[in-house]
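Chemist: Protein sequence lines, in the order shown, are assigned to chains U and H. With the working numbering applied, the first sequence covers 1 to 309. With the working numbering applied, the second sequence covers 310 to 618.
Since the hints were made in silico from the structure, they are not lab data. Heads up, some of the hints might be wrong.
Claimed, not checked - Not the full set, but computed from the structure, chain H residues with beta-carbon under 8 Å of chain U:
| id | residue |
| --- | --- |
| 1 | Asp439 |
| 2 | Ser491 |
| 3 | Asp493 |
| 4 | Pro495 |
Said to hold, decoys possible - Anything over 12 Å on all C-beta distances counts as not near chain U; from chain H, calculated:
| id | residue |
| --- | --- |
| 5 | Arg333 |
| 6 | Ala434 |
| 7 | Gly520 |
| 8 | Leu548 |
| 9 | Glu555 |
| 10 | Glu586 |
| 11 | Arg616 |
The C-beta atom is built at its ideal place from N, Cα and C for all residues, glycine as well.
Number of protein chains: 2
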Amino acid sequence: MPADGPSDGDVIDTPAGLGSALERVAAEIDRHFDLLLEVPDDARGRLYAAMRHAAIGGGKRLRPLLVCAACDLFHVDRMAAMRVATAIECIHVYSLIHDDLPCMDDDDVRRGKPTVHKAFDEATAVLAGDALHAVAFEILADDSTHADPFVRIELVAELARASGPAGMAGGQAMDLAAETESFDLPTVTRLQQLKTGALIGFCLEAGAIMGHVPPEGRGRLRAYARDVGLAFQIVDDLLDVEGDAETTGKAVGKDAAAGKATFVSLLGQERARQQAEMLVEQAISHLAGFGQEADLLRAVAAYVIERDR
Amino acid sequence: MPADGPSDGDVIDTPAGLGSALERVAAEIDRHFDLLLEVPDDARGRLYAAMRHAAIGGGKRLRPLLVCAACDLFHVDRMAAMRVATAIECIHVYSLIHDDLPCMDDDDVRRGKPTVHKAFDEATAVLAGDALHAVAFEILADDSTHADPFVRIELVAELARASGPAGMAGGQAMDLAAETESFDLPTVTRLQQLKTGALIGFCLEAGAIMGHVPPEGRGRLRAYARDVGLAFQIVDDLLDVEGDAETTGKAVGKDAAAGKATFVSLLGQERARQQAEMLVEQAISHLAGFGQEADLLRAVAAYVIERDR
């Protein structure tokens, strides 16, 4: 790191730098979705409109930022990074659409807008999620994402694993079970590692894959992802208790109403927040071997507990 | 073709040969799903049980058979063919689970069993479909499916396209629109080419991809798939009018009740059947350049109009 470079502390204390990175990534993601989801001139218009409603404008775009930040470590081409970031956001958006369905969380508001089944209808919401799910893999498989087929196929394998029954979908199934079973802290931790952790892990893994880092060299990034992912979820649980619907852009107080065990119900608010802070410190410590090229990842870790939405 | 080999006519007139091929593929698919969907000893048990309920035991396994038959043309390794066949069946089963949901077709019976949302619940049905969707890509990306990453990534790209908004999901969106709009014959044809044709096309394309046939050499197989896919759908429409629920294993009379334009409502039963027969003849004619290695594909084409479920 050059002597006049920013220290970790500087970057973490400078949300303006992170803020502009978030804004830039958010604008790029919107632009990508706008091109990707051009409405065809046939009876599929409503499907595409629903996909656009869910995908464009809104959301923290935390996962795309993590992909870009991980790619920065290994000087990965920005366009390749953005395409993979768009793919992961397709998966995230599809999961939100399905999660909001009446038979799941039954939410009316998401990212400050009506949920897809509210703005359109349930059948269209199911299909819009399914379609975005497929589009994610279409993007990853396309040779304009990365010239090397070994890189593309590893991205596909990792994303499928992270979003399937051994990852996100499995975590959501555990979340359903949490409504009727009393989970202890290790089980809630495992639930969240699957439900949100696996996809956040993929964001970091994707940077390493595109940076041609072999699996045995990804330990620190995986550890960072694990800690940031858990901290993120603890803060989500805290916002569900402490936040308001207007700021978070979604309904709050849902976990308590559903009687679900969460980090907050098991630890209490104060210990939950301490745990999140400890995890973020620990996440940043995993990056000690990197120089200022990891400053964005450090800033993201700090943002995860400072955020109010 | 050896002098004592079966002629095309022999094979088509010998449903026993096709019957045993179908039975063998069905048994292999069940065995693959049984291994693939081993129930984990945690709170995801219900999700896996739902996936197994939908995936194992039942169904014609027409798509896996088509993959195997296409692979036969190019002497593709049987294990590779079966893995791709399992992946495509994952996509087909996920689409049936979501299609049967109350907000979509609202069906109670599928393959002679209660649909997933009936045997389990709606939320689990949404997740089981989503999980199988991801598993399909996990299978294709795995290097035990095919050693060549170029082959695997092309399979992923084609399956994502065939199942996404430009394929199956797009066709289902048009199908929703068909409930309120009056579609003409070209539009219904286009709808069905997306809804069922794209995935059937992938089955043939997969054989060509694994057989290292370049895209410009796949014209006849694509033409075969297009004709067989349309004939298949016309027969589906006929079975919805003429069939009974016990034999077909699903509810009948749904299209007329929903007031949807179908091949049968637009052409009448007699002309629809004639059209299906013409398409099957035409499909078989596209295989004229092949010898007895294409006999199974010829038999499948004939089966498509002879079937009663």
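Chemist: Taking the hints in turn, state whether each one holds.
Modeler: Comparing the hints with the structure gives:
| no. | hint | verdict |
| --- | --- | --- |
| 1 | Asp439 | 5 Å, holds |
| 2 | Ser491 | 11 Å, violated |
| 3 | Asp493 | 12 Å, violated |
| 4 | Pro495 | 11 Å, violated |
| 5 | Arg333 | 28 Å, holds |
| 6 | Ala434 | 8 Å, violated |
| 7 | Gly520 | 18 Å, holds |
| 8 | Leu548 | 23 Å, holds |
| 9 | Glu555 | 28 Å, holds |
| 10 | Glu586 | 28 Å, holds |
| 11 | Arg616 | 27 Å, holds |
The earlier numbered hints that this structure contradicts are 2, 3, 4 and 6.
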